[in-house]
Amino acid sequence: MLSFQIKISRFKPGIIDPPAFFSYELTPDADWTVLDALEQIRIYQEPSLMYRRSCHHASCGTCACTINGVERLACKTKLTDLGTQAITLEPLRCVERIGDLVTVRNTLFQFMQPDWSYLQPDEKREAHDLLLSGDGQAITKFESCIECGCCVSACPVARKNRRFLGPAVLSAINQEMKKNPSTENDLHAVAASPEGETLCQRAVACSRVCPSGVYPAKHIAELRNRRKRAGNKS
Amino acid sequence: MEKIVVIGGGIGGAIAHDLALRGFSVVVLEKGELCCGSTGRHHGLLHSGARYALHDVATAAECMTENRILRAIAPQAVEQNDGLFVALDDADMVHYRQFIINCEDAGIPCRELITVDARSMEPELSPTIKAAVQVPDATMDAWRLAMHFFASARANGADIRPFSEVVGLLANNGAITGVEVRDHRRHATYVEKADMVVNATGPWAGKIAALLDIHLPMKPSPGVMVSMQPRLTGMVINRLHPAGEGDIVVPQRNQSILGTSAWIADDPDAVRTPADHVRQMVDLCAQMLPQLAQLPVVAAWSASRPLLVSATEEDPTKISRASQVIDHALADGVEGLLSVVGGKATTMRAMAQKVVDRVCAIAGREIPCATGHTVLKHYRRFFRR
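Going down the list, the sequences are from chains W and S.
Under my numbering, the first residue of the first sequence is numbered 28, with each subsequent residue one higher.
Under my numbering, the first residue of the second sequence is numbered 4, with each subsequent residue one higher.
If you're looking for bench data, these hints aren't it; they were derived computationally from the structure.
Quick reminder that beta carbons are idealized off the backbone N, C-alpha and C, glycines included.
Watch out, some of these pointers could steer you wrong.
[What the hints assert, rightly or not] Negatives, chain W to chain S, calculated, CB over 12 Å:
id : residue
1  : S144
2  : D213
3  : L214
[To be verified] Capping the alpha-carbon separation at 30 Å, the derived lysine-lysine pairs in DSS-like fashion look like this:
id : chain 1 : residue 1 : chain 2 : residue 2
4  : W       : K105      : W       : K245
5  : W       : K103      : W       : K255
6  : S       : K6        : S       : K210
7  : S       : K133      : W       : K151
8  : W       : K39       : W       : K103
9  : W       : K151      : W       : K205
10 : S       : K133      : W       : K39
11 : W       : K255      : W       : K245
12 : W       : K39       : S       : K196
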């Protein structure tokens with residue numbers, strides 16, 4: 028197996044400050060992911076290396092970072108799929124850094140309301156008689172969005188304007204309006220605010236990097252059509 | 004009130020939540036990101052307990068109790084999808100009656116289905132299944148469920164510190180006085196004083212206990228899981244047979260999570276994901292859902308269970324998943340140090356209750372546990388300041 032050069036942008040307040048690149052070399056197994064590489068570097072070479080990880084299967088969204096310039100989840104990006112043995116890892120953009128690849132998650136969540144549901148009825152399944160919740164119930168499933176922040180980091184508008192609600196929040200608003208129509212007027216006002224959907228420049232970078240198939244640009248287009256329809260009515 | 008340091012940012016969240024509700028001062032120390040160990044990495048099954056019905060009815064009953072509680076206190080972390088147990092051959096059918104009887108003994112509601120109905124509910128099931136039983140399994144979001152506990156603990160005053168690795172346990176005259184902590188963000192080591200310390204590091208618990216030369220009767224037991232796309236079923240699909248490998252598919256979002264194997268390891272950090280286990284998981288699970296054999300793998304990984312070492316049972320699939328709280332005052336002559344081992348994510352609230360009941364007993368306080376009926380804060384609150 029070939030040797031890989033992993034270059035990591037590191038930062039520790041007051042210690043590695045300003046941030047600097049450090050290089051690590053390793054010889055991975057054929058099926059290793061970027062997250063496997065980070066684990067090996069931390070365990071055997073650099074115990075103070077900071078990065079996030081939890082589920083290891085693209086479900087928690089914690090390990091999102093910039094891999095050779097593109098926002099991806101480290102846990103499902105195979106080293107051998109990157110087409111090069113020189114890998115550069117940097118944190119997500121548009122967010123404050125805590126240390127190394129770890130960024131502040133508050134930014135996404137200051138707009139993402141706690142009461143927006145992340146369960147939705149599974150439209151593919153017919154109603155079931157679920158054992159604890161009654162007859163003829165729709166099976167529910169989790170929203171596809173795993174709130175990893177890749178779309179915000181990739182968005183050219185969000186990179187310049189921290190007040191932009193951003194693709195993940197706008198997608199969540201669109202989904203919440205569909206699930207819970209009584210919220211429509213309030214949420215519509217948020218989405219149509221000066222920090223909302225009007226700032227989107229249709230770069231579609233969000234949909235290109237989304238690791239979870241949410242296609243935020245599609246949700247933003249739906250919000251825009253909704254605003255146009257509302258405008259026509261008035 | 005006493006100050007309790009909890010080591011481990013997995014089930015440590017549930018312990019911190021219980022401690023904070025009962026009024027203790029709490030610090031949680033986690034060497035990496037929260038939930039970076041076993042608690043965040045499992046297949047995402049909220050057990051009904053039916054998987055343990057044939058060999059461990061007590062654990063099965065505890066799972067069902069906790070299943071009901073978690074649905075009530077963290078409804079947003081659980082899909083409402085139920086599960087099926089399917090028998091694939093005559094050897095499986097031998098266990099069918101006992102399975103139903105034991106589920107009833109454990110208080111697990113189950114519904115015997117005719118196979119035609121089961122296949123109309125889940126068309127991807129193998130056409131050759133012999134029998135199917137519906138149980139109240141569910142899919143949970145491992146990260147978000149655990150983060151509900153952390154959000155609630157923090158809201159009640161717990162001090163939660165990720166990237167803070169415990170590198171020493173400090174004791175004086177046979178009593179714990181605190182811990183030595185490596186702050187990975189500031190590259191500094193400091194002392195955190197404590198009246199009591201709870202070692203809740205799961206498969207790493209042996210390493211923490213070893214800091215005071217204490218031997219814990221625990222071994223990491225890793226298992227391999229495989230994630231494939233797309234999601235094939237609405238419900239969780241289990242094989243109806245005695246505990247084994249490659250016998251569960253948990254649907255989650257647009258994925259199907261296949262599990263799992265089991266072996267015994269020495270070092271939880273050095274665990275790999277053997278390629279032959281990945282192939283075996285796909286082959287075995289495809290007996291229940293044939294389409295799996297054609298699907299692409301999204302990710303394969305392993306997670307370690309913190310298994311109590313058993314004197315009588317060597318097969319890691321059969322060792323009890325019951326949890327145990329070890330008071331090192333009695334076992335090793337160190338006062339103020341507790342370790343919790345065994346257990347599983349579904350029972351983390353109950354494990355926390357056992358730990359904190361013990362903390363209260365040591366502190367001489369009688370404060371009832373309230374976590375069974377306290378609705379948790381939404382996990383997003385953890386990140387809002």
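Tested hints:
With a closest Cβ-Cβ approach of about 7 Å to chain S, S144(W) is found to fall inside the 12 Å limit, against its non-interface label. Look at D213(W): its CB is around 18 Å from the nearest CB on chain S, clear of 12 Å, so calling it non-interface holds up. Under the 12 Å C-beta cut-off, the non-interface status given to L214(W) relative to chain S holds; the minimum distance is some 16 Å. The hinted pair formed by K105(W) and K245(W) meets the criterion: a straight-line CA distance of about 28 Å does not exceed 30 Å.
Distance hint between K103(W) and K255(W) is unfulfilled; the C-alpha atoms sit about 39 Å from each other, more than 30 Å. With a CA separation close to 23 Å, the supplied pair K6(S) and K210(S) stays within the 30 Å bound. For the suggested pair K133(S) and K151(W), the alpha carbons sit about 25 Å apart, so the restraint of at most 30 Å is met. Among the hinted pairs, K39(W) with K103(W) is consistent with the structure: their alpha-carbon atoms are about 26 Å apart, no more than 30 Å.
Of the supplied pair hints, the one linking K151(W) and K205(W) holds, its CA atoms being roughly 16 Å apart against a limit of 30 Å. Proposed proximity of K133(S) and K39(W) is contradicted: the alpha carbons are some 59 Å apart, above 30 Å. Distance restraint check for K255(W) and K245(W): the Cα-Cα separation of roughly 15 Å lies within the 30 Å cut-off, and the hinted pair is therefore satisfied. The hinted pair formed by K39(W) and K196(S) meets the criterion: a straight-line CA distance of about 25 Å does not exceed 30 Å.
Hints 1, 5 and 10 from the earlier list are contradicted by this structure; the remaining hints agree with it.
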